[in-house]
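J.: The lines below spell out each chain.
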Amino acid sequence: MSKQMTLLIDLDRCNGCQACTVACKVENNVISGVFWNRVHRMGPVGKFPDKLEMFYFPMQCMHCENPTCVVVCPTKATYETEDGIVLVDSDLCIGCEYCIWACPYDARTLNPETKTVEKCMMCTHLLEKNELPMCVYTCTGGARHCGDINDPNSEISQVLAKNEGRQFKIHPELTNKPSVIYLLPRKGAETLCKSISRS
Amino acid sequence: MQVHIALLISTVCQRLGLGLFIFSVLANQFMGVILPIDIIAVISLGLLGFGGLASAFHLGKPTRFFNAFSNFKSHLTQEALVTPFLGIALLVCILDGFLFDLGNGAVMMHWVTVALSLLFLITTGLVYQLSARPAWDTGLVLIIFMLTAAQVGSISTMVAAYVFTSSVSVSLTVVTILMFVLSMFAQYLYIQRLKTLEYGVAVNVISKPYNVTFITWLIFGVLTVAISLIFVAMQWQGAMVLTAFGAIASVIGIFAWTVLFFKTAIKVKMFPMYDVDLNLYF
Numbered sequence: 107m108s109k110q111m112t113l114l115i116d117l118d119r120c121n122g123c124q125a126c127t128v129a130c131k132v133e134n135n136v137i138s139g140v141f142w143n144r145v146h147r148m149g150p151v152g153k154f155p156d157k158l159e160m161f162y163f164p165m166q167c168m169h170c171e172n173p174t175c176v177v178v179c180p181t182k183a184t185y186e187t188e189d190g191i192v193l194v195d196s197d198l199c200i201g202c203e204y205c206i207w208a209c210p211y212d213a214r215t216l217n218p219e220t221k222t223v224e225k226c227m228m229c230t231h232l233l234e235k236n237e238l239p240m241c242v243y244t245c246t247g248g249a250r251h252c253g254d255i256n257d258p259n260s261e262i263s264q265v266l267a268k269n270e271g272r273q274f275k276i277h278p279e280l281t282n283k284p285s286v287i288y289l290l291p292r293k294g295a296e297t298l299c300k301s302i303s304r305s
Numbered sequence: 465m466q467v468h469i470a471l472l473i474s475t476v477c478q479r480l481g482l483g484l485f486i487f488s489v490l491a492n493q494f495m496g497v498i499l500p501i502d503i504i505a506v507i508s509l510g511l512l513g514f515g516g517l518a519s520a521f522h523l524g525k526p527t528r529f530f531n532a533f534s535n536f537k538s539h540l541t542q543e544a545l546v547t548p549f550l551g552i553a554l555l556v557c558i559l560d561g562f563l564f565d566l567g568n569g570a571v572m573m574h575w576v577t578v579a580l581s582l583l584f585l586i587t588t589g590l591v592y593q594l595s596a597r598p599a600w601d602t603g604l605v606l607i608i609f610m611l612t613a614a615q616v617g618s619i620s621t622m623v624a625a626y627v628f629t630s631s632v633s634v635s636l637t638v639v640t641i642l643m644f645v646l647s648m649f650a651q652y653l654y655i656q657r658l659k660t661l662e663y664g665v666a667v668n669v670i671s672k673p674y675n676v677t678f679i680t681w682l683i684f685g686v687l688t689v690a691i692s693l694i695f696v697a698m699q700w701q702g703a704m705v706l707t708a709f710g711a712i713a714s715v716i717g718i719f720a721w722t723v724l725f726f727k728t729a730i731k732v733k734m735f736p737m738y739d740v741d742l743n744l745y746f
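So the protein lines, in turn, are chains A and B. FYI, the numbering for the first sequence is 107 to 305, going by this note's numbering. FYI, the numbering for the second sequence is 465 to 746, going by this note's numbering.
Read the hints as simulated data drawn from the structure, not as lab findings. Computed from a prediction, not measured in an experiment: that's the story for all the values here. Any given hint could turn out to be false.
Claimed, not checked - From chain B, some residues computed to sit far from chain A (all C-beta separations above 10 Å):
#, residue
1, Q493
2, I507
3, V578
4, V591
5, S635
6, M734
Said to hold, decoys possible - Covered by chain A, according to a simulated footprint, are these stretches of chain B (three or more residues, beta-carbon under 8 Å):
#, segment
7, 532-540
8, 644-650
Positions of the beta carbon are idealized from the N, C-alpha and C atoms, including for glycine.
Use the sequences and the hints to build the structure in full.
T.: Next comes the structure, spelled out in structure tokens:
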């Protein structure tokens, strides 16, 4: 099975501190107003104490296994590496924004200065040095994990194995096949759990 | 995702220009009208060129335009590949009779240009048929793109017929009304479908921020065009002015429709099971 580098994010451990958001911007020199990674808040919805739901939701490129952005890009600026990471070659990008429309996760932004499209590149420059992406390294809650999900011995696979039954993906019904895996919060996301038939 | 005015101008110009050419050739062949295809081709090429320029200027890096010919799987690349062939075909139609004489081959050339125009419109329509956008994840996108081109193309062909021959055949009027009805029906279906979209992104076009463009489309694209065509069909006096009025209203209507079309696709939702959307607090 080919390598599939991806992220695993435990929503139970995310405390919404935004350290990953800041770390990503600093590490990758992401300009003001552009975010490759950011933490959203879902809720609060419902009534305290029994039916109150709220959780934090970190969002970045889902590094899809079948990325539509790669198919639609007319310049081949967006491409998938052998490790399954989706990258953008800004030297080829013409800034047509077609990939932005084709991304169901709104993970891409047009850089207003360079006029080319940008997004999370999973800190490939750090991965090449066997280091972790900066968002994973900085995560204060230990919510983020990164590695080859197809390698059963990788840390990410072991975390996933320990949390069997809690994993879910965003819009798995789409043909994109997102690779990023989330672990459901144990509490505060009852509607979400119910909708995907998890207790 | 933003609504780009340059893209709106581009797609409206393309539909108007190519729709006019296609229906002029059809009218000449089957509807008892004799239109000067060379002059029609000048208008079509002008609109295609203007639309192309507008499209190029919406790019972040217009100077890298030629990179767009790289990915044959992309509908944008396919559109870019068809464009020069279509431009050359229209140019041949223009120059036929001036620089050279194609003789009997002229009709064949017209049909080749019609085929390329259809190919261009299909590839452009497919650009917007994206599964990532629930509002656009339907075959109606391509159908509406083609039918709006047919609607504006047929009514502008009627204007051309009045200008060049001072009359319009019954068959051209009937075809124009038919294209209008079909186009309206497809657009109505699209609006109905928006109400039932899953993923928590259902759209009611009567509510904000869609209502202004929807009402604009309703006034110009539906009512004004319908009234114009009814009077033209009744052979009312001043039919030429009425048809021109209808054609202008049709262009405004398609412009408004395209704005609405873009607006309805902007919203995506990660957790459709919740009524509220994700909060961005940083």
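J.: All hints, please: hold or fail.
T.: Comparing the hints with the structure gives:
Residue-level check passed: Q493 of chain B sits 35 Å from the nearest beta carbon of chain A, beyond 10 Å. For I507 of chain B, the non-interface assignment is confirmed: its Cβ lies about 27 Å from the closest Cβ of chain A, beyond the 10 Å cut-off. For V578 of chain B, the condition that its CB be more than 10 Å from all CB atoms of chain A holds, with the nearest at approximately 25 Å. Taking the minimum C-beta to C-beta distance to chain A, about 7 Å, the non-interface status of V591 of chain B is violated against the 10 Å cut.
The beta carbon of S635 of chain B is kept farther than 10 Å from every beta carbon of chain A, the shortest such distance being approximately 40 Å. A cut-off of 10 Å between C-beta atoms contradicts the statement that M734 of chain B is not in contact with chain A; the least separation is 6 Å. With a cut-off of 8 Å between beta carbons, the segment 532-540 of chain B has 8 residues touching chain A; three or more are needed, and the interface restraint holds. Counting residues of the segment 644-650 of chain B whose C-beta sits closer than 8 Å to any C-beta of chain A gives 0, which falls short of three, so the coverage hint is violated.
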